[in-house]
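*Asks:* This is what each chain is made of:
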Amino acid sequence: MRALARPWIWAWLAAALAFGLTLALTSGRGAGELAYAALSFGAFATIVGLGQMLVITLGPGNVDLSIPATMTLAATLALKAMGTEPGTALLGLGVAIGVGLAAGGANFALIYLLRLPPIIATLAASLIYQSLAIWSNRGLRIKPPPGLADFATGRFLGLPNVAWVALFLSLAVWIALERSVWGRWLLATGQNMRAARFASVPVELVRASTYVTVALFAGLAGYLLASFSGGAALNMGTEYLLMSIAVVVIGGTSIAGGYSNVPGVFGAALFMFLVVSMLNSYGAAAGIRNVLTGAIIIGIVIVASTRRMRA
Amino acid sequence: MTVHHSAPIVILADAARHFGPVRALDGVSLSVSAGDCIGLVGHNGAGKSTLVNLINGGLSPSSGEIRFRNGANALQAGVRSVFQELSLCPNLTVAENLRISHAGLKGPGWRRRARAEISASLDEVFPGHGIDPDAEVDTLAIAERQMVEIAIGFAPRGGAARVVILDEPTSSLDSGIARQLLDHVKRFCAGGGAVIFISHMLGEVFEVATRIVVLKDGKVVSEKPRGGFTHQGLVDAMGHVAAETEASAQNVRDLGPEVVRTDLGVSARAGEIVGLSGLAGHGQAAALARLYLSRSSSWWALRNPEVVFVAGDRPRDGTLPLWSILRNISVSVLRQGAHWGMVDREAEAETAQLWRRRIGIRTDNVENPMLSLSGGNQQKVLFARALASSAPLVIMDDPMRGVDVGTKQDVYAMIRAEAARGRTFLWYSTETEEVCQCDRVFVFRNNKISAELTGEDITEEKILEASFELQEAT
Amino acid sequence: MNLLGRYRIVLPVLSLALLLAATFWMQPRAMSYFGLNLLFNLAVPLALATCAQMMVMMVNDIDLSLGAFVSLVACVVATFVHDTPALGFAILVALILCYAALGALIHALDLPAIVVTLGMSFVWGGLALFILPSPGGASPDWLRSLMTVKPPLAPMAVIASVVIAAAGHLLIVRSGIGTVLRGVGGNARSVARAGWPLIRLKALAYGLAGLFGVLAGLALVGLTTSADANIALRYTLLSIAGVILGGGEFVGGRVSPVGAVIGALTLALAASFLSFLRLSPDWQIGAQGAILILVLTARLIFSRKGGVA
Chain A
-10 MRALARPWIW AWLAAALAFG LTLALTSGRG AGELAYAALS FGAFATIVGL
40 GQMLVITLGP GNVDLSIPAT MTLAATLALK AMGTEPGTAL LGLGVAIGVG
90 LAAGGANFAL IYLLRLPPII ATLAASLIYQ SLAIWSNRGL RIKPPPGLAD
140 FATGRFLGLP NVAWVALFLS LAVWIALERS VWGRWLLATG QNMRAARFAS
190 VPVELVRAST YVTVALFAGL AGYLLASFSG GAALNMGTEY LLMSIAVVVI
240 GGTSIAGGYS NVPGVFGAAL FMFLVVSMLN SYGAAAGIRN VLTGAIIIGI
290 VIVASTRRMR A
Chain B
1457 MTVHHSAPIV ILADAARHFG PVRALDGVSL SVSAGDCIGL VGHNGAGKST
1507 LVNLINGGLS PSSGEIRFRN GANALQAGVR SVFQELSLCP NLTVAENLRI
1557 SHAGLKGPGW RRRARAEISA SLDEVFPGHG IDPDAEVDTL AIAERQMVEI
1607 AIGFAPRGGA ARVVILDEPT SSLDSGIARQ LLDHVKRFCA GGGAVIFISH
1657 MLGEVFEVAT RIVVLKDGKV VSEKPRGGFT HQGLVDAMGH VAAETEASAQ
1707 NVRDLGPEVV RTDLGVSARA GEIVGLSGLA GHGQAAALAR LYLSRSSSWW
1757 ALRNPEVVFV AGDRPRDGTL PLWSILRNIS VSVLRQGAHW GMVDREAEAE
1807 TAQLWRRRIG IRTDNVENPM LSLSGGNQQK VLFARALASS APLVIMDDPM
1857 RGVDVGTKQD VYAMIRAEAA RGRTFLWYST ETEEVCQCDR VFVFRNNKIS
1907 AELTGEDITE EKILEASFEL QEAT
Chain C
4 MNLLGRYRIV LPVLSLALLL AATFWMQPRA MSYFGLNLLF NLAVPLALAT
54 CAQMMVMMVN DIDLSLGAFV SLVACVVATF VHDTPALGFA ILVALILCYA
104 ALGALIHALD LPAIVVTLGM SFVWGGLALF ILPSPGGASP DWLRSLMTVK
154 PPLAPMAVIA SVVIAAAGHL LIVRSGIGTV LRGVGGNARS VARAGWPLIR
204 LKALAYGLAG LFGVLAGLAL VGLTTSADAN IALRYTLLSI AGVILGGGEF
254 VGGRVSPVGA VIGALTLALA ASFLSFLRLS PDWQIGAQGA ILILVLTARL
304 IFSRKGGVA
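Residue numbers (the numbering used here), protein chains in the order written: chain A, -10 to 300; chain B, 1457 to 1930; chain C, 4 to 312.
Bear in mind the hints are in silico, worked out from the structure with no lab data behind them.
Backbone N, C-alpha and C fix where the C-beta goes; we use that ideal spot for every residue, glycine too.
Fair warning: there could be bad hints in the mix.
[Stated by the list, open to error] Derived list of chain C stretches under chain B, where covered just means 3 residues or more per stretch with a C-beta under 8 Å from a C-beta of chain B:
1) 174 to 185
2) 260 to 271
[As the list claims (entries may be wrong)] Computed from the model, here is a short list of chain C residues facing chain B with C-beta under 7 Å:
3) Ala191
4) Val194
5) Ala195
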């Protein structure tokens, strides 16, 4: 029963429930395909969700609104650099990572030097990144190199490759948070920035590296998503903003900061996809899915706050 | 100064207030009548703020009772408070702030009425003040903000101010304006009002008070008409007249070279225990925080830091509430033991166990949450956090506040042992007995050092003298 | 304290004036009745939305659902209000009350507004999709005439902006209750200690936000004559930018209704200006971001130089 006390379990249970309810309609047919699709699409949400989770762990007021724009910009520039030539996959990856680093650095520069609240800083920056993406795209739809496209849509040991990437990243983030000095510093800063500073934690370094990391993950996600979908559309990132925050909250990370939940993010990402397919299978109108998502988010926040108040 | 005898406006009958085991107020009986100007004095922790909060309705008594002549509660009885921490809304104008305290200013033209009322009150208390009622509060200087707060306290606000509590009202005022306030207080009481006046400027207290009440350790130890006290007698009454606690054997230690000198003049030598004293809120904590921040970086953590900090305000500056005891101890020394950026968990656990034993943290398992500990033990964790590091300078911001005696003795011994090993301690404490254990003491008053005492001179008497201003108010 | 530091409205007014002057210089034909109306037309719903966001920021919160809410209102207007006005208006009133209830809930349970409003954005969005799964609906005639009226002296857009700014100013800056609401943002503890019921005040602030959000949706439909579920999503971020541009701040209760309207006008104008500049449409979005950063940097510099720290 102790297992049920862990918050991330709920996201996975909910995902399993949605999975089961969907299959109930088809009497179990298509389970493999559904799982595969969930893992594929959930992977991208997980990657950006992990980054957003780190930022939110920094404490109240910290959120990165530039994730969609960074994804788009990274994807656009990477595809351009690769130019559908074979053997350029690593070059594209390098470009995407570079864009992520630059964007994260720019975001933090706005926050630190100009004293802009993170919401405004990342908002303004996202407008600029979006414009950069539009300008460099020029309406051409560049396809990813064939090798890369195969990788992005391919599978390994039965699971989608992108899911493996997401899994690997989740593991890396989990290790960093649990075992590394930086992870401890992040969790300390999120609980009480002033106390952390008085306890020899280099809080500005932690903040800077976190904002760079989330942009880095966004760049990576954009690169993979574009390779998966066959090109970088200018609105490819739109739904990922709210999605990134939603999977963080539903996955059990505390909005007040100082507590992260890595497995929960993955579970929540799967859950979000499965809930949509479930509702689609049941013929529910598009609106219902959104209302349900919103109600779940608010419900979780209320439960978390009453648990906090009782504690 | 005529004194009007009439039915008391506020009566406290054996009122007491406890916060858990702490008896902040331990049975106080007091009555406030029209024409009274009560000077309330006492050292840190004597219970002044608690008493004030009981009278103005901010707290309710744990035992005993409070009665008001007019009305059921403090608000109706016309009790007003003006505190040291300013309670204005900085984004609103002066007149608008009156609106917050005076809901009766409604309807069209309220702004005109608010302006008139606050201007009238300001004129009455501080003639020639020059404050524009339409100025936003955050454009005013600190002195002007305090003047506005005081004026709001005295303003009619739809009723009448009957008892006005002034807590260190002149702390930000210059002498000319302070004089205006004192004159107004005297007029106000002569006209039938009552004032409770808390101040560390004993000259002011002697000037305005009709009677003086001395609080110590939550009780009234002395209450006499103003003429019944001398300056020295008052200082004695506030302190512990009984013989000092046995001075611990002052081992003459070999002190090293000077390691600290701040801009205010606080200095310390290697291996020295330097105390900062004086009344709370006179700049000690800010000076220490500034020193710590200047000697440490937000951008990098050295393997061997120069300075560590022990917080006294645990929720604000110290506790990492979601973590275990273990993690709370190790957070300052993570870099010390790390390999390739990864925390050395074995070393961490060892450190925690070591310090649990050395400093005596009462818990069965260091993996328990930090908040499961009692206050005193949480404070021990914060000490362990600092002492576990190799930093040669330890800065302490009143860390023993509210901690039990047993813990205190354990920690004092630890501090002395560490100092013998060459560590330097800068120790701000609001308890005079603690400060008396130091090798050198800097007494703060009004954000400046008012006295530097060493060796034999470190006595409660000298500290109190330096904390309170004994000259006559000019 | 220098002029720019003391009067927070100076910088937004200057920015707008500069932008307007530059626009006229680039495109002299815009300096006409017709031109002005075209420039500022779509600023009216944005100005109302910015005022709505200002109400929430005034009490130290932020509303991430505003865009979705205005879209929902637009859908309701284009369908229910058009077909069955009584029911339509009842729904609009219910929506305003919902907003007020949200404010009370956020305060009572000490919830993070940013996440709650995020969740609500899904809810509003879902409801909007429910009502109008695909673009459609029609604007009620009276609304259309109101939004396309041609007053003699100045274009409707300008007059409407002035009216909105004046109403906001009277409501939030001049009135007693508005002052208390701003006080909540400045020092909530003091306001509570003075005896005011904080939960009712927060509900009022959010209710006002709902009211202005409804007005924004109405204005939008009057102008575009139809609606869809995504029509105003960008209002969320634009309204935040508008409040900040207008001299408002996230915390501290320092907001200016006049500034908010000016901020909205500036953002709307920036889009037109950038197209006159023959700036490639690619850069128009980015330029809005750049303008936001520039204005805030200017404010930082001037408040540091001139003001008390």
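*Asks:* Hint by hint, say whether it matches the structure.
*Replies:* The hints, checked one at a time:
For the region 174 to 185 of chain C, the assignment as covered by chain B holds, since 5 residues bring a beta-carbon within under 8 Å of that chain's beta-carbons and 3 suffice. Against chain B, the region 260 to 271 of chain C contributes 0 residues with a C-beta closer than 8 Å to a partner C-beta. That does not satisfy the three-residue criterion, and the hint is violated. Interface restraint check: C:Ala191 against chain B, minimum CB-CB distance 9 Å, threshold 7 Å, status violated. Below 7 Å, beta-carbon pairs count as interface contacts, and C:Val194 has one with chain B at about 6 Å; its hint therefore holds.
For the restraint placing C:Ala195 at the interface with chain B, the shortest Cβ-Cβ distance is roughly 10 Å, beyond the 7 Å limit, so the hint is violated.
The structure fails to meet hints 2, 3, 5 from the earlier list, while all remaining hints are met.
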